[in-house]
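Which chain is which? The protein sequence lines are X and A, in order. The numbering of the first sequence is my numbering, which starts it at 1 and goes up by one. The numbering of the second sequence is my numbering, which starts it at 1 and goes up by one.
Certain hints may be false.
Within a straight-line C-alpha distance of at most 20 Å, the following computed SDA-like cross-link-like pairs (lysine to any residue) qualify [stated by the list, open to error]: (1) A/K7 with X/D358; (2) A/K174 with X/G267; (3) A/K278 with X/G365; (4) A/K8 with X/G267.
Where chain A lies over chain X, by a calculated footprint (3+ residues, C-beta under 8 Å) [to be verified]: (5) 215-226; (6) 352-361.
Computed footprint of chain X on chain A; a stretch qualifies when at least three of its residues, placed anywhere within it, have a C-beta under 8 Å from a C-beta of chain X [stated by the list, open to error]: (7) 192-199; (8) 223-233; (9) 350-358.
Just so you know, these hints were derived from the structure itself, not from any lab. Idealized CB from N, CA, C, for every residue including glycine.
There are 2 protein chains.
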Amino acid sequence: MQTELSKKLGVEHAIFGFTPFPAVAAAISRAGGFGVLGAVRYTAPDELARDLDWMEEHVDGKPYGLDVVMPATKVEGVTEADVEAMIPEGHRQFVRDTLAKHGVPELAEGEASGWRITGWMEQVARNQLDVAFDYPIRLLANALGSPPADVIRRAHDHDVLVAALAGSARHARKHADAGIDIVVAQGYEAGGHTGEIASMVLTPEAVDAVAPLPVLAAGGIGSGQQIAAALALGAQGVWLGSLWLTTTEADLHSPALTRKLLAAGSGDTVRSRALTGKPARQLRTEWTDAWDDPQGPGTLPMPLQGLLVAEAVSRIQKYEVQELLGTPVGQIVGRMNSERSVQAVFDDLTRGFEQAVDRVIRIAGRGSQS
Amino acid sequence: MQTELSKKLGVEHAIFGFTPFPAVAAAISRAGGFGVLGAVRYTAPDELARDLDWMEEHVDGKPYGLDVVMPATKVEGVTEADVEAMIPEGHRQFVRDTLAKHGVPELAEGEASGWRITGWMEQVARNQLDVAFDYPIRLLANALGSPPADVIRRAHDHDVLVAALAGSARHARKHADAGIDIVVAQGYEAGGHTGEIASMVLTPEAVDAVAPLPVLAAGGIGSGQQIAAALALGAQGVWLGSLWLTTTEADLHSPALTRKLLAAGSGDTVRSRALTGKPARQLRTEWTDAWDDPQGPGTLPMPLQGLLVAEAVSRIQKYEVQELLGTPVGQIVGRMNSERSVQAVFDDLTRGFEQAVDRVIRIAGRGSQS
Chain X
1 MQTELSKKLG VEHAIFGFTP FPAVAAAISR AGGFGVLGAV RYTAPDELAR
51 DLDWMEEHVD GKPYGLDVVM PATKVEGVTE ADVEAMIPEG HRQFVRDTLA
101 KHGVPELAEG EASGWRITGW MEQVARNQLD VAFDYPIRLL ANALGSPPAD
151 VIRRAHDHDV LVAALAGSAR HARKHADAGI DIVVAQGYEA GGHTGEIASM
201 VLTPEAVDAV APLPVLAAGG IGSGQQIAAA LALGAQGVWL GSLWLTTTEA
251 DLHSPALTRK LLAAGSGDTV RSRALTGKPA RQLRTEWTDA WDDPQGPGTL
301 PMPLQGLLVA EAVSRIQKYE VQELLGTPVG QIVGRMNSER SVQAVFDDLT
351 RGFEQAVDRV IRIAGRGSQS
Chain A
1 MQTELSKKLG VEHAIFGFTP FPAVAAAISR AGGFGVLGAV RYTAPDELAR
51 DLDWMEEHVD GKPYGLDVVM PATKVEGVTE ADVEAMIPEG HRQFVRDTLA
101 KHGVPELAEG EASGWRITGW MEQVARNQLD VAFDYPIRLL ANALGSPPAD
151 VIRRAHDHDV LVAALAGSAR HARKHADAGI DIVVAQGYEA GGHTGEIASM
201 VLTPEAVDAV APLPVLAAGG IGSGQQIAAA LALGAQGVWL GSLWLTTTEA
251 DLHSPALTRK LLAAGSGDTV RSRALTGKPA RQLRTEWTDA WDDPQGPGTL
301 PMPLQGLLVA EAVSRIQKYE VQELLGTPVG QIVGRMNSER SVQAVFDDLT
351 RGFEQAVDRV IRIAGRGSQS
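Please take these sequences and the hints and turn them into a complete structure.
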């Protein structure tokens, strides 16, 4: 499965795997794909350095990348405390009431919330980059808009390709104008922040909008058939995030959450502002229902909502409160029905892709060629 | 482009075109696809007979089908007047106020509303079938659930295949259990009534759910690349509705509406209950905004909403009130940018399909075969 982009990056298959887990990212690269480590959870640069050291030891020399969350709009001199002060008391009370209603215990004294807003702030992302450019990363992806011009220049100086996520053709063109190298077209069905245009429509629109820049299709892809479909739509590869959450190398720190993911169907996700204030697809839970309820206070804009719910999300995860426990994940969760190694998942993807190609060749009457 | 299903029906391309216009349906069949005439607007059986006579004269002996709207749940002895009586006065006033706000003129005295609820009632659909089975239709599709068992039997006695639309794998399985022959998997991005699972995810789920029954992919398909993608996903063909609305053979009775369709982007539709009471994708307008506004009265359940807005929709269409003028259409509207003949659209689809197949073959490294 070779495209111009996969050849440029020196990978065997045009399959890009986004994951917050170094063990998963390294396994994807070793399997012949391109592992992309999500950096949002690294608030301390030395933690990122430690995990990139680990990656270096475990990718067997294969290429990999890093995904940061750098907001397009820079907010100067605003601290986390400033943002905290903007949260209405009624919303804080709603969080307390909802947690109390479900009997969610408090964190132990001095126990930090694991899920922090700070990873979303530009300075944190810049500190991450200072670390990352010391490593031979081949790709830098940004999940929120185009990275600033100086970051793109710095990446190019390090021979690092820059990718940015887009939910519309207009958004994709904006990225191209900013000088990025790869557009990740994130369809409605994708996990995490996503727009309303489905992959079937978005992928070819993005391809047409930014050609000859390469587009990766993201959203709804978790099988070789879906990879073949995305490539037929003009993508130069696929960007898969959700699928790795139930691999044996992933470390969700919650068997209950893994069980929920394995049991969920494609209809069990919702595009909700509950987690960050922007629409993000995730498991539908009583927590998302509470925020999406027209009778409730509703969500706050980004970054307030993320800050507001950070501790609550940590508590829900730590105590595995079944009915509230969720995670960003796409509609492809319906296909994630067993815990398997990254290599086993990868073998399925490539085998399924070859079968889908056989099928299309047969239907197109190119049978004499197979 | 040949699948088992297209061979069974004797068509050259596995492209099924759904349309309310006989001239479009006939042109699709003549072009080598399978035209499916939507029957919902025929309240009088003799009008349907007249148009089927016309079809017979214009399909050049090629096969075609009929699409009816037969509700899964039968409501015995309920008249249109009974349903009318269930509509709250506040909702009627909201319709009057919204039309007045936009200066929409009244219909002339005695002028009937063109858009009627009655086509949605079972008896009307049964009268349509009495007519249709006198013609050599090859396919009967139902847009609302599985048809009743006696209708399926009657179709099979006439050697007519039965298709039903499904928005989820569970829904598809229910149809299969009812004895239908073809599932049309209608993705989130489709025009008209649709669920929340996007085609990229829904198509393979439906295929797995009902195999070996054939699945047609619907939603988001308007190019040869998208047809190749749908076939890679396991579909035995594609079901296209929106794409034909801007063909020269279509008769929308509204140049303003055609212009809106040609200008609209993929982000200009909304999945709204405004038209029928069930979520249906359509152009987003100030009319859909009014119904979807949390400050408004909200929509009524099917069939009340359809009855409530029938006359208003006729007035908006007749007087081409720009900001309110809409129609069911999918996200593929972003690709409908010129008025062309059905044959020209068809040529584009088949050419684009061959190019997409070439592309997939190249990426898969089967290049030596091409």
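Those earlier numbered hints the structure runs against, lowest number first: Violated: hints 3, 4.
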